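The listed protein sequences derive, respectively, from chains A and C. To convert, take the position in the first sequence, counting from 1, and add 3; that gives this note's numbering. To convert, take the position in the second sequence, counting from 1, and add 36; that gives this note's numbering.
Simulated from the structure, these hints should not be mistaken for lab results. Heads up, a few of these hints could be off.
Stated by the list, open to error - Just some of the chain C residues that point at chain A, by a computed CB distance under 10 Å: (1) 59; (2) 67; (3) 68; (4) 69.
Stated by the list, open to error - Some residues of chain C that are not near chain A, with every Cβ distance over 12 Å (derived): (5) 128; (6) 160; (7) 163.
Keep in mind it's a predicted model, so treat the numbers as computed, not measured. Ideal Cβ placement from N, Cα and C applies to all residues, glycine included.
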Amino acid sequence: MNIVLELVKVLFAFVLVMGIVPLLIWLERKISAWIQGRVGPNRVGPFGLLQPLADVVKLLFKEDIVPTNADKGMYFFAPLLAMVAPVILFAFIPFGPDIVLADYTFKLQVCDFGVSILFFMAVLSTAVFAVAFGGWASNNKYSLLGGIRAASQLVSYELILSGSFLYILLKWNTLSFRELIEKQAAYGWTIVSDFPFSLLFFILFFIAALAENKRAPFDLPEAEPELVGGYHTEYSSMKFAMFFMGEYIAITVMCFCMSVMFLGGYHFPGVVDVSGNFLNALLGLAVILAKVFILIFIYMWIRWTLPRFRYDILMRLSWHYLLPLTVILILVKALI
Amino acid sequence: MKKFLTCTYLNLIPGFILTFRRMVMTIFGGHFTIQYPEEHYPFRQGFRGEHRLKQDELGRPKCVACLMCQTACPANCITIVATESPWPDREKVPQSFQIDLLRCIYCGMCEEACPCDAIELTPKHMQAAYFREDKVYDLTRLLHNTE
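Pulled out of the complex, with its shape left as it was, chain C reads as follows (with noise of 0.2 Å):
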């Protein structure tokens, strides 16, 4: 009888206002739910997703295809064949340029290895697709893949 005399029921009360309160704040806009489908989770600066390749002011491709991405790449997710550059102001460009997304590992090697900063991880992350061919992105598509 003692035990239960002394004992701490009373510590329930403040438990009781806590999860009263933390209910008030709820009602009234607080809650930590972000609904879906609809709404995202805002990503901070520097979140590696999907890779994009950069266009320069006159809308060309920024790669010059010196290959360092692809010797940096951990994963050897990326295959790039070089052709000849139409422009005077650099030796090569990529004729494909291809990413394997299923391989990437999403370091960002490749962004810091890029020589000419052509190349980036963007905060794109939904990743379903249907087929495993859709996952290999291509010159255009890398070219192109903005949010």
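Looking at chain A on its own, in the form it has when it is part of the complex (with noise of 0.2 Å):
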């Protein structure tokens, strides 16, 4: 019985984590629309709601290209990368508050353990494989570069999302994402409950983690003024679908980490108690996908401001700027 609730959990979470990215991709235009001055796709369906899934059917329908030259496995193996590394992120976000049935304490996280928050670091790295591999099987100059230029800048980028995360082990002393938000809640958010330095972080982890999701003005691995499409480039149908469907899941799973690890989670004052029953596990999910969407529309707000970095531009900015203050902080944090 537990088993197959469990499985169920899976599924849910896989679902959820799967039915947002078709909504993102609709944000992304609308939004992109709006910005714009634009009205963005209105046709498919009401508001032009279904217009990703016209998108799929049409790249379903696409021709399956694949390079003569490429290395075949590591061809197929990238986009399937891509994609599944993302998702397994998602299985470390605690979505929810836990459930009690009868005897049973029904946790809405898929894998709860107590260094999720180190397990998820380890996943997150694999992201740079996807793209690497990517570029480089594709056997074409303009992939080699993208590939190239996306492994240095996650290398880079990701030096400050561990700073990130070792300041937040510093303030809350627990690795497990679960605890975090418990803390949080009893002690406050972390945005708010330490202020100068939370906030900083907070800022140097929005950023980092715009770099990690290759997001404008950080996009320069698929710069399409200067590499046609980076290091997919000679990715079509399906698997071109796979990289881009990654992406979004990836900017999901890292809006959940952040609304975790500084917003509080699923926790609202008032709003969600821990009593354990389905309706307030159902608040708590709601209050976690609203901080979710909010940061999502401060991603997307930032791509259609901003345009793109120079590539050596973004290097300083990690190596001389950012990777220095987040390491004083981090001392300075340690020795108060």
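Since each chain sits alone in its own frame, please combine them into the complex, following the hints.
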């Protein structure tokens, strides 16, 4: 019985994260349209909500081209990894409070263990391989350049992410996302309870997360004017769609992670208690989704406002400014 | 470090405010999009599109087949065959009046040349057709070429 419940939960988590993706694609197109004074997709379904579905159908019927000199194994593996890695990341995110069913406590988190933040970081860094493999296996100079750019960018910004995780460890003395939320519920959200540090680390984490997700203004791995399409130049049909979906899943998971680390996760004062009934869990899910969508909106707002960085500026930003700042802040925090 | 601290990162804030304001304005109806097949851009007075031959109050074509427009036309797209008028107030009427819209450059010289204000350019601009012959307008078509 419990195993069935757990399987249902895993399925629910998967459907949740996969269901957000088309919504994000729609939202991205709508927000870009609004910011540019356009209307956006409005023909397919109400408010154009079925547009992503139409896109998927189109992509399914496209010809799946494999370059003659591509490294076949890696060429097929890269999009798979690009999509699977962020989905695995979601397993560590608690997306709602516990539900108590008679004698069984049902956690709304796929995989809860003491060091989930460490696992989160470990799986997060596999995202580099997807783009690097994809870029290299396509046997195309633009793809390769995109892959190299992506690899160096992700590696340099991952350090800032790790610094922020270290800060969370210093502040809350835990490596479990669930405990993190419980502590934030008890002592106030990270972003308000430790004011100057938390806000700075939130901004640092946010910038690094943008770079980690290859979002504008850090979207150099797929800069169209310079690299045709970057690491996915040679990908077509569903393989391209998998890269695309993987990117949006990664954004979703990053925003979930940020809301758990800094904004109290599913906790909102007065809305969610610890009674463990079903309605409470639903409210908690609504709260965390609201936080995630606000963060995603900021992601998109940034994308459609700022132009792309030049590559040396991107690297200098990371290694000369943000990384020393992170290190200094951690040292100061550790001393206090 | 000094450059980082003194450079203009704060200048990003007005940009963000601008895009946000633009977004809110667009949501509340301030968009520039015209939903094309249903809506059309309202053309101004004097837009030069397809031609039309006017009729007088008795329903007769105003044209007196003077060939002024044919002479004025820089693209040689007007072909008029005149015949004797059945009415006493004019000498000639057009037997056939053809305008090859594929040759026409929509300069409006015919409209200017016409002494009795019989030809004019309408705002009609949807020029798609399946055959070339469809775009050679004859007298009846030109007389009834209204929006």
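Please confirm whether residue 163 of chain C is truly not at the interface, meaning its C-beta sits more than 12 Å away from all C-beta atoms of chain A.
-> At roughly 25 Å from the nearest Cβ of chain A, residue 163 of chain C sits farther out than 12 Å, so the non-interface label holds.
Holds or violated: is the Cβ of residue 128 of chain C farther than 12 Å from all Cβ atoms of chain A?
-> holds (53 Å)
Go through the hint on residue 69 of chain C and say holds or violated, using the shortest Cβ distance to chain A against 10 Å.
-> Hint holds; residue 69 of chain C Cβ to chain A Cβ min 4 Å, cut 10 Å.
Is the interface hint for residue 59 of chain C satisfied, with its Cβ closer than 10 Å to some Cβ of chain A?
-> Holds. Min distance 4 Å.
Hinted contact residue 68 of chain C with chain A - closest CB pair below 10 Å | holds (5 Å)
Hint check: is the beta carbon of residue 67 of chain C less than 10 Å from a beta carbon of chain A?
-> holds (5 Å)
Is the Cβ of residue 160 of chain C more than 12 Å away from each Cβ in chain A?
-> holds (26 Å)
Consistency note: the structure conflicts with none of the earlier hints.
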